[in-house]
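Trainee: The lines below spell out each chain.
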Amino acid sequence: MEAAADVRWKGYSLAERDWRWQAVRANAAKAGYDCIFVPLCVDGKNLHLSLEQSRGTRSDCRFLTQMENAAVVLPTDGRQPIVINDRGTGNDWVPKARPAMRGLRGSWAPAIAQALLDAGMERARIGVPGLGRGKVTHGRASAGVINHSSYDEVIRQLPNATFEDATDVVGYARYGKSDEQIACLRRGAAIAAAGIEKMVEVARPGVPEAILYARVMRRMVELGSEYYPMALYTGPMEGGERLPRFEDPPIDRVLQPMYRITNEVDAVWGGLVAQELQPIVLGPIPDEWKRLVDLQREIYEGGLAVMKPGTSFADFIAFTNGLGEKRGMKSLILMHGRGYGDDGPLLTPQDRTYERVRDVRIEKGNVFVWKPIAMSADERIQFSWGGCVLVTEKGGEPLVRRTPGMVSVS
Amino acid sequence: MPWKPPARAGATIPIWAGYSIAERDRRWKAVRESAAKAVFDCIFVPLGNGTDGRYLTQLRCSATVLPTDGRPPIIIADRSSRNEWVPDPWQTSREWAEPMTQALLDAGMERARIGVVGLKGGKVTHVRAFDGVVNHTAFAAVKRRLPNATFEDATDVVGFVRYVKSEEEIDCLRRSTAIAEAGIEEMVKLARPGFDAAVLYAAVVERMLELGSEYYPLAIYTDPIGTREPKRYTNPPIGRRLESNTLITNEVSAVWGAQVSQEDQPILLGRIPDDWKPVIELQKEVFEAGLKFMRPGTSFGELIDFINGFGAKRGMKTLILMHGRGYGDDGPLLSPRLRGENVRDIRIEKGNAWVWKPYAMMADERIQFVWGGDVIVTDKGGEVLFKRPHGMISIV
Chain L
1 MEAAADVRWK GYSLAERDWR WQAVRANAAK AGYDCIFVPL CVDGKNLHLS
51 LEQSRGTRSD CRFLTQMENA AVVLPTDGRQ PIVINDRGTG NDWVPKARPA
101 MRGLRGSWAP AIAQALLDAG MERARIGVPG LGRGKVTHGR ASAGVINHSS
151 YDEVIRQLPN ATFEDATDVV GYARYGKSDE QIACLRRGAA IAAAGIEKMV
201 EVARPGVPEA ILYARVMRRM VELGSEYYPM ALYTGPMEGG ERLPRFEDPP
251 IDRVLQPMYR ITNEVDAVWG GLVAQELQPI VLGPIPDEWK RLVDLQREIY
301 EGGLAVMKPG TSFADFIAFT NGLGEKRGMK SLILMHGRGY GDDGPLLTPQ
351 DRTYERVRDV RIEKGNVFVW KPIAMSADER IQFSWGGCVL VTEKGGEPLV
401 RRTPGMVSVS
Chain W
411 MPWKPPARAG ATIPIWAGYS IAERDRRWKA VRESAAKAVF DCIFVPLGNG
461 TDGRYLTQLR CSATVLPTDG RPPIIIADRS SRNEWVPDPW QTSREWAEPM
511 TQALLDAGME RARIGVVGLK GGKVTHVRAF DGVVNHTAFA AVKRRLPNAT
561 FEDATDVVGF VRYVKSEEEI DCLRRSTAIA EAGIEEMVKL ARPGFDAAVL
611 YAAVVERMLE LGSEYYPLAI YTDPIGTREP KRYTNPPIGR RLESNTLITN
661 EVSAVWGAQV SQEDQPILLG RIPDDWKPVI ELQKEVFEAG LKFMRPGTSF
711 GELIDFINGF GAKRGMKTLI LMHGRGYGDD GPLLSPRLRG ENVRDIRIEK
761 GNAWVWKPYA MMADERIQFV WGGDVIVTDK GGEVLFKRPH GMISIV
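Just so you know, the protein sequences line up as chains L and W, in that order.
Here this note's numbering is used: position 60 in the first sequence is 60, and no number is missing along the way.
Positions in the second sequence are counted from 1; adding 410 to them yields this note's numbering.
This is chain W alone, in the form it adopts within the complex (with noise of 0.2 angstroms):
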């Protein structure tokens, strides 16, 4: 191995990283398989892709070089940091490029047909991300140095092998998803008019802590119910206080086993007006019948058309909103802004997770009611995760 340790190496930084050797195997050879079958010579997971390389190494910051034929992954690993999984990667300190180039070389890619993860936005991971997340300076060095090998976007290899989650990982998000309704068990207890957002905020942040979650930012609005464009908040609100007939909306999000859960619940300072009740109970027959119709082998395309045509029977609308659960910026992504053409295709499989929150409205959209929270696909369709009961929680 020509590339030289650095001499000194910031303090480690231990992560969660409990996931067996087992499931390594499984994610290595499913990735393998999905790479030989796009016939990439290696995954090339570098600098900048800090989702994905986590997923393959339980480590906090890496980059992988992971040869379809077989051969174990050579991995890169700043802060003397190894675990169960890899434990004796290569060490680096500030510098990637480097490392990485010759992690390529090591591997026999210098004329290689090389996927790389994360280059460009995926149909089930990095679905915001149109532009990848590839960072430019290191990658442009290796392409540099590799200028007879060929370099080719292949976010979707790992995505699809993330898209579909194994018992480990569900173990997991069940428990994220349980810290998450206790964070909203907090908001609950605490939410009254005069009380100050930002304590609320920090209140909530607090009780997933202590129960051991990773830091996922909080979303919450704070606006008068009825608020045509309530502001949004991923930091404790400033200057602002809690006052009668606030709608409290909010993603509150949990972290364990690196799984991100979501839960989202409504939550009105004040008695819910008559007009919404409708549209809340639209809401739960919509988000019932989602379930059902969420078999393996659906199509997306599929499910969107029932569930945008769901509303129109009963006189008002109702609109997809759902997205995948996982590491991180997981698809297929489902959302007034992003309805969902390029993914119609993609058939739904027993395993996958999702927040499932699905919205209702009047016919004239002035009234508009999310609720939901985390699922996973069985053959029986989708089970929820959670356990609160459907519908606005209503603090008189």
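Only chain L is shown next, with the shape it has when bound in the complex (with noise of 0.2 angstroms):
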């Protein structure tokens, strides 16, 4: 891979930016929106609920912008959209940007205020992306991600308007992606493969776990990605129990023989998010964990040959969590979609209804992270390997060539 040095990539073009304001402003009339009103999220620091939420909170500013953090009033009527951000800083997509802030301190509430009755907003029918959980974007917010303080004054400033969660209207326009963030989701996921090259490369009885951190990370970055925490889970491979997860250099862990290492590898390229897991055992895999390894595989493969475009989630479920009953195990969904953060639709075993999501449907140009679980009947032991999948008219096709299963170091 080139190096960072090297990357000649300047960002998204003017076309892509006309692509998603159009996209949106499209979904946005379909619902009866007279504008979509991005407002100030919280930062992902202080809303701290998973990595993916965190970054997911100010998701929806950064793919209408690259900005950061901004506040946006996009009218539906095809003018150009107000953005309102710390400095009133532009960039290439947004050259003129409002200042949030008068006199250097102060509030955002008043300049976004006035954005919307700029945009003859005072009477509208205002939607706000991020006041609640999506189908396919901030499916982990439940309580969305605004920013209370600033929002609330806003409301209160335009009394004879209404606001209301439009949080799919943006979500639908995120969910498809377009050649060029394809391209970059495909640089991220081979970014994070290079971390999972390195992992296996320093992980060996006696390794300090931070080491082991420390090492993958500075992998993934020199190659520029931006920093997105690894989530490593360490433990004994006897007994298959739960391991913990750490989001951070673990401290005075050190890893020893027949250890389980998994892992959530993420790269960022271009703000998205690319991930690869790569499940690894310091000694030779046991006998009963082929046999998952085995399953876990065919799920993967057979996964991708059904994920095509037109097929139900609710289609896809049955598909995925049927197949490992035929064997003899259990095998259970787990993927969510690929993006800016927080993407969706989320299938994990926390919510084994997948109510909120059993009737979206996949489309051409979805990307998501594919990583079904195999599982003994007992639910004792469970694999899961996987990456990032793009859907095409054949179905899924991953973004970078890895084999499926466990790697054993000895």
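Hint data in this document are derived by calculation from the structure and do not stem from the laboratory.
Check the hints yourself; a few may be wrong.
[As the list claims (entries may be wrong)] Here are the simulated EDC-like cross-link-like pairs (lysine to aspartate or glutamate), alpha carbons at most 16 angstroms apart as the crow flies:
1. W:Lys797 x W:Glu698
2. L:Lys330 x L:Glu379
3. W:Lys727 x W:Asp685
4. W:Lys530 x L:Asp92
5. W:Lys687 x W:Glu775
6. L:Lys364 x L:Glu393
7. W:Lys530 x L:Asp18
8. L:Lys198 x W:Glu620
9. L:Lys10 x L:Asp77
10. W:Lys723 x W:Asp774
11. W:Lys702 x W:Glu620
12. W:Lys553 x L:Asp152
[Said to hold, decoys possible] Only some residues are given here: those of chain W computed to face chain L with a beta carbon under 10 angstroms:
13. Thr422
14. Trp426
15. Phe605
16. Ala607
17. Tyr611
18. Asp774
19. Ile777
20. Val780
Heads up, the beta-carbon is just placed ideally off N, CA and C, and yes, glycines get one too.
Could you fit the two chains together into a complex? Lean on the hints.
Mentor: In structure tokens:
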């Protein structure tokens, strides 16, 4: 892979910007909104429910502006958006932004309310993404992501406007990826795979886990990934107990023989978060795990074939969750969208009803992290492997080629 | 307790939680006293305010109701997390509005005066978050369920407790500072013309992580010396190699015991130009004079005036640049953008910690120099926690 210093990519094109804005406008018009309003959102460090959720807090403004933190008023009728950020700093997409703060200090609310008034929204029906959970974005954010004090003041200043949740309006524009986004996710997946290669190279009994963590993060950052914490799980293979999850370097822990290492190795390129997973065992793979590894490969590959445009998630869940039983074991769907953070649909063991997303359909251009779980009939041992997958006409296509299975480091 | 925990939870995420029970009790007692003085019936740290939540619980993600009258707090956590400070919190998964409401009702707060931490920016915490950090949807739901209670901003109630560090906190900040200095050493070791800026960034991050720091973004600038507005990177710079006469300036932060340190060390890939030398010398003077001046009891108004007036006597300019250290977004914040009008009355106290990095500049402001790092306030003034000698490092 080329060194970060030699990369010439300067960001998304203006055509990509126009495509995104147009998609959001079209969705907003269909929902009957006069504009889409992305308010000031809480920062991910403070609203840190999970890594994904943390990253997702300001994802809609990033999608619409390529800015880390901004409020946006995008009229549905085709007029240009008004963008507000900390200092009024513009970029290629939004050369002129408005500063949030007058006199260098103060609330964002006056500037945001003025933007809505300037856009003629004093009596409008205003769609607000991020007020609650969406089907394909903010799937983990049951309480949404919006900052209270500024939002409360804005709605107070526009008493005749109505504000409604429009998370899915922006969400479905984010759901299908453009070619530019797919190219970024492909590079992100390749960087994550390089991180995994480093992990396999470094992981040995006796190595402090903080060193392992640091080496993998360095490898991805030196290839140009934004820092996105790796999730690292380590512990004895025997027993198959649920392992603790570390999102910072584990302190005072040293890898031991027959340790199991699982992970979520994420890399970020072009603002989009890729993820690859690679279980590793520091010793030979026990026989009882081999059957699971084989089953998981079958589910993974079978899922790629079923993952075609038009398939409903209800059908996809039924296929995935039913396959294990046919082999005298169990299988469970585990997947979620890839993109700017907290992308969906979110399908995890925590919610096995899947009620929120059963009716969502798979579309060409979706990108998921696909990592189904195979487990023994008593659910005592569980195995998940996977990574980023792009939906094409023919089904799922991995964005980076790796071999399903567990890596044994002897 | 009417709140029913969820059937399934995500994996528990252990974080550093090494402060003593005595430290917990000190913090809770100080917050209660501060709340009582402000006549709040309880202090409420809602969803969204992760920083104060961690300060009061050592949990990664939590909400807290701390009654002022001395009863134990009700704490809500997720992912089955618990620790020595909080052995038995209420557990939730993705739902926060309902357990927060129940916690306030269980604590008898249906008609209470409730102090909400993080609703607005404070004087010494959440200093950059003018609109606070509270999650709207969950907080609005809580307010609807307690229509007879009053909710008021109490950011400074916890803020002024966080403002003064205990011995345990200072020990952690000292270690955090040492890790940041190790990051700087790595930068000095590698920075050469032709070197990939992203690799430099990654190597510094790696060095601090392997020493056990939690991640905190490294801020780095890598433009030629004399550039008026160099570009700031808080992620690895893409498409850049270092060159001769690149001036690397930085904010190298490490985290230990949740204490965020920051060290600032300019590095020049070339010889230091002569016209920079008097500015660097002035910065050394103002840095050291400031240390002596920052004694307990001194007001920030006095410190600001002293520092901002210091350079004129040498025919140059000086400007205060500093902010608090602690769990994050600590204040007071004094910078060229925020001149400190709202904090002039605040007094410096023994046990304060900040990053101290005043500006020195030529009269026309063409050349500006900043250097500094972590400092704690003792009876004798400021004491630096780092070991580096003053100045710009020149790599020829």
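Trainee: With reference to the structure, classify each hint as holding or not holding.
Mentor: Status of the hints after comparison with the structure:
With a CA separation close to 14 angstroms, the supplied pair Lys797 (chain W) and Glu698 (chain W) stays within the 16 angstroms bound. Proximity of Lys330 (chain L) to Glu379 (chain L) is assessed by CA-CA distance (about 7 angstroms); at most 16 angstroms being required, the pair is judged to hold. Distance check on the hinted pair: Lys727 (chain W) and Asp685 (chain W) sit about 14 angstroms apart at the alpha-carbon level, within 16 angstroms; holds. Distance check on the hinted pair: Lys530 (chain W) and Asp92 (chain L) sit about 32 angstroms apart at the alpha-carbon level, beyond 16 angstroms; violated.
Only pairs whose Cα atoms come within 16 angstroms are accepted, and Lys687 (chain W) paired with Glu775 (chain W) is accepted, the gap being roughly 14 angstroms. Distance hint between Lys364 (chain L) and Glu393 (chain L) is fulfilled; the C-alpha atoms sit about 6 angstroms from each other, no more than 16 angstroms. Among the hinted pairs, Lys530 (chain W) with Asp18 (chain L) is inconsistent with the structure: their alpha-carbon atoms are about 36 angstroms apart, more than 16 angstroms. Distance restraint check for Lys198 (chain L) and Glu620 (chain W): the Cα-Cα separation of roughly 15 angstroms lies within the 16 angstroms cut-off, and the hinted pair is therefore satisfied.
Annotation: proposed proximity of Lys10 (chain L) to Asp77 (chain L) is violated, straight-line Cα distance about 30 angstroms (limit 16 angstroms). Restraint check for Lys723 (chain W) and Asp774 (chain W): satisfied, since their Cα atoms lie roughly 15 angstroms apart, inside the 16 angstroms limit. A distance of roughly 35 angstroms separates the Cα atoms of Lys702 (chain W) and Glu620 (chain W); the hinted pair therefore is violated under the 16 angstroms criterion. Between the alpha carbons of Lys553 (chain W) and Asp152 (chain L) the distance comes to roughly 12 angstroms, so the proposed pair stays at or under 16 angstroms and holds.
Residue-level restraint check for Thr422 (chain W) holds (minimum Cβ-Cβ distance to chain L is 6 angstroms; threshold 10 angstroms). Nearest Cβ of chain L to the Cβ of Trp426 (chain W): about 6 angstroms, under the 10 angstroms cut. The hint holds. A hinted interface residue such as Phe605 (chain W) counts as satisfied when its beta carbon comes closer than 10 angstroms to some beta carbon of chain L; here the least separation is about 8 angstroms, so the hint holds. Taken as an interface hint, Ala607 (chain W) checks out: its beta carbon lies about 6 angstroms from the nearest beta carbon of chain L, inside 10 angstroms.
This hint holds: Tyr611 (chain W) has a C-beta 6 angstroms from the nearest C-beta of chain L, less than the 10 angstroms allowed. For Asp774 (chain W), the interface hint is violated, since its Cβ never comes within 10 angstroms of a Cβ in chain L; the closest pair sits about 23 angstroms apart. The beta carbon of Ile777 (chain W) is not positioned within 10 angstroms of any beta carbon in chain L (closest approach about 24 angstroms), and the interface hint is therefore violated. Checking Val780 (chain W) against chain L: minimum C-beta separation of about 19 angstroms lies over 10 angstroms; hint violated.
Against the hints set out earlier in the document, violations occur for numbers 4, 7, 9, 11, 18, 19, 20.
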